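Which chain is which? The protein sequence lines are A and B, in order.
Counting in this note's numbering, the first sequence tops out at residue 318, every number present.
Counting in this note's numbering, the second sequence tops out at residue 324, every number present.
Hints in this document: simulated from the structure, not taken from any laboratory.
A portion of the hints provided could be inaccurate.
Unchecked claim - 35 Å max Cα-Cα, derived DSBU-like pairs, lysine-lysine:
1) K151(A) / K269(B)
2) K183(A) / K303(B)
3) K31(B) / K149(A)
4) K157(A) / K269(B)
5) K303(B) / K239(A)
6) K293(A) / K53(A)
7) K31(B) / K147(A)
8) K303(B) / K240(A)
9) K303(B) / K70(A)
10) K293(A) / K128(A)
11) K31(B) / K259(A)
12) K54(A) / K107(A)
13) K31(B) / K239(A)
14) K183(A) / K31(B)
15) K303(B) / K269(B)
16) K250(A) / K284(A)
17) K151(A) / K259(A)
18) K157(A) / K284(A)
19) K303(B) / K153(A)
20) K303(B) / K157(A)
21) K269(B) / K235(A)
22) K269(B) / K240(A)
23) K235(A) / K303(B)
24) K31(B) / K154(A)
Stated by the list, open to error - Some residues of chain A that are not near chain B, with every Cβ distance over 12 Å (derived):
25) D84
26) Q102
27) D106
28) A143
29) G187
30) L286
31) V291
Unchecked claim - Label-pair restraints from in silico Cβ distances:
32) L312(B) / N94(A): 36 to 42 Å
33) A169(A) / A304(B): 48 to 54 Å
34) N94(A) / D295(B): 20 to 26 Å
35) W298(B) / T155(A): 50 to 56 Å
36) D295(B) / G288(A): 49 to 55 Å
37) M14(B) / T309(A): 48 to 54 Å
38) K147(A) / L312(B): 37 to 43 Å
39) N94(A) / G91(B): 53 to 59 Å
40) Y189(B) / V60(A): 55 to 61 Å
These numbers come from a predicted model, not from an experiment.
Ideal Cβ placement from N, Cα and C applies to all residues, glycine included.
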Amino acid sequence: MKKTFTIALALILTLTFSTSLSAQAKKYTIAGIVFQEDQFMKTILTGMQDAAKKYNVDLVTANTANQLTKEVSTVNTYAARGVDAICITTLDANAGSIPALQAAYDKGIKIISYNNTLGADFPSATFKSDDANLAAATGRAAAEYIKTKLKGKKTIKVAIVNFQPLLPAQSDSRQNGFWNEIKDLPGVTLVAEAAAWAVETSTKKSGDILTANPDLDIFFGCNDGGTKGAVLATKAANKKAVVFGFDVDKQMVSFLQAKDNILQAVTGQDPYTMGYSSVEAAVKVLDGQSVEKMTIVPGQTLSRTDPKTIEAVAKTLK
Amino acid sequence: MSVKTKSLKLQDFMLEGILILIVLYLSFAAKGFASWDNLLNVLRNASTTGIIAFGMTLVIISGEIDISVGSAIAFFGCVAAVLVQNLTGIGWPMVPVMIVAVVTCFVLAILSGMFTGWIRHRFSVPTFITTLAWMAALRGGANLVTGSFPISPFPEWFFFLGSGYVYGIPFQAIVFLVIFAVAYFLSKYTRFGRAVYAIGGNAESARLSGINVQGKRMAIMAITSALTVVAALITSAQIQAGNPTVGAGLEFTVISACVIGGVSLMGGKGRIWGTFIGVMFLEVLLNGMTLLNMDEYWQYVAKAGLILGAVLIYQVRDSRQARA
């Protein structure tokens with residue numbers, strides 16, 4: 001009897017121990033890959049880290065520094081390491097890392113894409129902004145400005161600072177989303193386009209555009225650097241142009257609150273939600289739950305005409 | 001120590017001639033190009049690249065290279081911003097805080113430059129390798145100290161450095177021209193300048209002729225690092241923030257300007273005036289192409305063509321002179 005009891009106890013202990021081991025083994029390892037060091041990507045990582053903490057996930061992260069080759073090798077490295085899922089935004093949505101990601105997927109690794117839509121069907125979920133719609137929201141604010149502040153003006157000169165060479169599809173979506181909202185208004189003319197996504201480059205190029213078009217009425221910056229550069233160049237040149245833009249951060253909010261009246265409105269994405277939702281979706285997929293294949297993460301338009309909202313958003317920004 | 005001088009010939013000013021032709025063309029073709037405002041605009045745009053390029057010229061003439069300048073711009077701008085944010089946060093008044101921030105950046109820069117020069121001499125570690133390491137470390141450091149977020153703690157008066165005017169001339173353009181004048185004098189009329197050429201020509205001969213090669217190498221690298229801080233402060237004042245993403249790829253623009261200006265990557269050859277022309281060449285071209293609303297991709301091609309063309313011109317000229 002005593003022997004039977006000992007064997008039973010040993011069996012129970014073994015079972016308990018192995019169950020505990022298997023529970024521990026269920027702690028997922030998820031890779032989060034971003035492609036540059038900026039506030040947008042940093043906020044995505046913050047969202048991923050918070051989700052990882054909540055769902056008790058081992059999160060490993062990498063920054064591919066705008067290098068396609070590094071992106072491919074990073075995917076291969078994580079695949080070789082045997083992570084459970086990869087959350088990624090790729091530099092090229094239709095080629096580039098797709099074969100490497102396909103190979104990872106074939107090994108059983110779940111793929112979640114964010115920020116853009118991969119040209120493949122293996123991602124379990126995608127979280128992205130609708131760039132055209134977000135830019136269109138800024139475009140509507142610009143249209144309102146044109147109708148009220150530039151009423152009766154024969155020619156309304158517009159310049160756009162984009163990031164076409166960096167991410168052509170995304171840059172075009174934003175540019176067209178904005179432009180389509182104002183292009184049919186009487187007198188609206190696109191007089192200059194320049195590519196500059198870093199603030200210092202945009203300051204230079206926007207200054208050049210103002211030199212060529214001293215009577216410019218409106219700038220549109222397709223990203224954060226482009227928008228800030230246009231604001232700073234307009235201020236330095238002491239011109240009357242106003243700026244509409246894309247992306248929100250603390251400095252952008254301070255420009256919206258500045259007395260110089262240069263920056264009028266920006267529409268920001270929600271990178272935190274993108275990052276958080278990506279890791280959350282990866283966990284759900286690994287747990288065998290179903291997730292939405294495509295989720296459009298909404299953004300928010302901040303306009304100088306609505307200082308209360310600007311104030312509220314300012315409090316949430318780092 | 002004697003330095004061989006040669007008389008300047010018309011072919012030595014080929015690049016200046018081409019620049020004048022481009023300026024004439026743009027004056028007719030690009031609306032707004034031929035104006036006083038635009039000239040000042042070009043000078044202002046040229047200042048960050050130019051200030052560092054003068055230091056880089058000395059570095060390259062002495063047979064070395066510094067590829068960390070782009071990251072250094074980001075790092076020192078961020079260090080200044082973080083110091084200002086933290087020290088004002090604990091109640092320090094703004095003016096002493098700004099002085100502490102600026103002095104700290106200069107001290108760090110000069111020490112890092114001297115270190116690079118020292119290990120180049122002491123352990124024969126090529127400056128390409130050391131500054132490659134600095135490039136990564138400083139970019140990482142900029143992101144570490146800021147948490148990758150732009151920081152805007154600077155007072156309004158600081159922005160004068162980046163967008164202020166003195167008698168109608170952009171302040172940063174004045175800094176650019178003053179540093180050009182000092183670098184020109186230093187390279188042409190001082191023992192230090194002659195030593196830079198001698199070391200670049202043949203370091204061992206320079207040592208045997210009594211030049212303190214180690215000291216000079218340390219000084220050259222430190223001067224360039226200090227000039228990078230000047231550019232970093234101007235950039236931070238211009239963008240009103242310490243931003244870890246600024247200056248990406250700037251090292252190649254700076255080196256391109258030197259090469260276009262006739263500075264030989266083999267060392268021993270080059271002029272500060274040439275670098276000035278190289279910087280202006282690049283900026284005039286970029287300014288003109290933007291005014292012409294030229295496609296960005298064509299701008300890349302034009303820039304590449306310019307660099308290659310300039311190097312070919314110098315090669316042809318040098319081989320003709322060698323044959324003569």
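For each hint, the structure was consulted:
1. For the suggested pair K151(A) and K269(B), the alpha carbons sit about 60 Å apart, so the restraint of at most 35 Å is broken.
2. Restraint check for K183(A) and K303(B): satisfied, since their Cα atoms lie roughly 33 Å apart, inside the 35 Å limit.
3. As the CA atoms of K31(B) and K149(A) are separated by approximately 27 Å, the hinted pair is consistent with the 35 Å bound.
4. At most 35 Å may separate the alpha-carbon atoms for a hinted pair to count; K157(A) and K269(B) exceed this at roughly 48 Å.
5. A hinted pair counts as satisfied when its Cα atoms are at most 35 Å apart, and K303(B) with K239(A) qualifies at roughly 30 Å.
6. Taken as a hint, the K293(A) and K53(A) pair is honoured in the structure, with Cα atoms around 24 Å apart against an allowance of 35 Å.
7. Taking the CA atoms of K31(B) and K147(A), the gap is near 29 Å; set against the 35 Å cutoff, the hint holds.
8. Restraint check: the Cα-Cα separation between K303(B) and K240(A) comes to about 32 Å, which is no more than 35 Å; the hinted pair holds.
9. Pair hint K303(B) plus K70(A) holds up; C-alpha atoms about 26 Å apart against a cutoff of 35 Å.
10. Note on K293(A) and K128(A): the hinted pairing holds, with a Cα-Cα distance of about 11 Å set against a maximum of 35 Å.
11. At most 35 Å may separate the alpha-carbon atoms for a hinted pair to count; K31(B) and K259(A) meet this at roughly 31 Å.
12. Of the pairs offered as hints, the one joining K54(A) and K107(A) holds, with about 27 Å between alpha carbons and a cut-off of 35 Å not exceeded.
13. About 17 Å separates the Cα atoms of K31(B) and K239(A), which keeps this hinted pair within 35 Å; it holds.
14. Proximity of K183(A) to K31(B) is assessed by CA-CA distance (about 24 Å); at most 35 Å being required, the pair is judged to hold.
15. Taken as a hint, the K303(B) and K269(B) pair is honoured in the structure, with Cα atoms around 23 Å apart against an allowance of 35 Å.
16. Pair hint K250(A) plus K284(A) holds up; C-alpha atoms about 33 Å apart against a cutoff of 35 Å.
17. A distance of roughly 23 Å separates the Cα atoms of K151(A) and K259(A); the hinted pair therefore holds under the 35 Å criterion.
18. A distance of roughly 50 Å separates the Cα atoms of K157(A) and K284(A); the hinted pair therefore is violated under the 35 Å criterion.
19. Taking the CA atoms of K303(B) and K153(A), the gap is near 39 Å; set against the 35 Å cutoff, the hint is violated.
20. For a cut-off of 35 Å, the pair hint linking K303(B) to K157(A) stands: about 29 Å separates their Cα positions.
21. Our distance criterion of 35 Å between C-alpha atoms is broken by K269(B) and K235(A), whose separation comes to about 41 Å.
22. Restraint check: the Cα-Cα separation between K269(B) and K240(A) comes to about 47 Å, which exceeds 35 Å; the hinted pair is violated.
23. A threshold of 35 Å between alpha carbons decides the hint, and for K235(A) with K303(B) the separation of about 29 Å falls inside it, so the pair holds.
24. In summary, the hint linking K31(B) to K154(A) is supported, as the alpha carbons are separated by about 21 Å, within the 35 Å threshold.
25. No Cβ of chain B comes within 12 Å of the Cβ of D84(A); the nearest lies about 26 Å off, and the non-interface call holds.
26. Annotated as non-interface, Q102(A) keeps its C-beta farther than 12 Å from every C-beta of chain B; the closest such distance is 30 Å.
27. Residue-level check passed: D106(A) sits 34 Å from the nearest beta carbon of chain B, beyond 12 Å.
28. No Cβ of chain B comes within 12 Å of the Cβ of A143(A); the nearest lies about 24 Å off, and the non-interface call holds.
29. Every C-beta of chain B lies more than 12 Å from that of G187(A), the closest at about 19 Å, which supports listing it as non-interface.
30. Every beta carbon of chain B lies more than 12 Å from that of L286(A), the smallest distance being close to 28 Å; the non-interface claim holds.
31. For V291(A), the requirement that its beta carbon stay farther than 12 Å from each beta carbon of chain B is met, with the minimum near 29 Å.
32. Separated by about 38 Å at the C-beta atoms, L312(B) and N94(A) satisfy the suggested range of 36 to 42 Å.
33. Between A169(A) and A304(B) the C-beta distance comes to about 25 Å, which lies outside the given range of 48 to 54 Å.
34. Between N94(A) and D295(B) the CB atoms are about 22 Å apart, so this pair conforms to the stated range of 20 to 26 Å.
35. Between W298(B) and T155(A) the C-beta distance comes to about 27 Å, which lies outside the given range of 50 to 56 Å.
36. For the pair D295(B) and G288(A), the beta carbons lie near 50 Å from each other, so the given range of 49 to 55 Å is met.
37. Checking the proposed 48 to 54 Å range against M14(B) and T309(A) shows it is violated: the Cβ atoms sit about 59 Å from each other.
38. Against the hinted window of 37 to 43 Å, the Cβ-Cβ separation of K147(A) and L312(B) comes to about 55 Å, which falls outside the hint.
39. For the pair N94(A) and G91(B), the beta carbons lie near 54 Å from each other, so the given range of 53 to 59 Å is met.
40. Checked against the hint of 55 to 61 Å, the C-beta distance between Y189(B) and V60(A) comes to roughly 57 Å, which is consistent with it.
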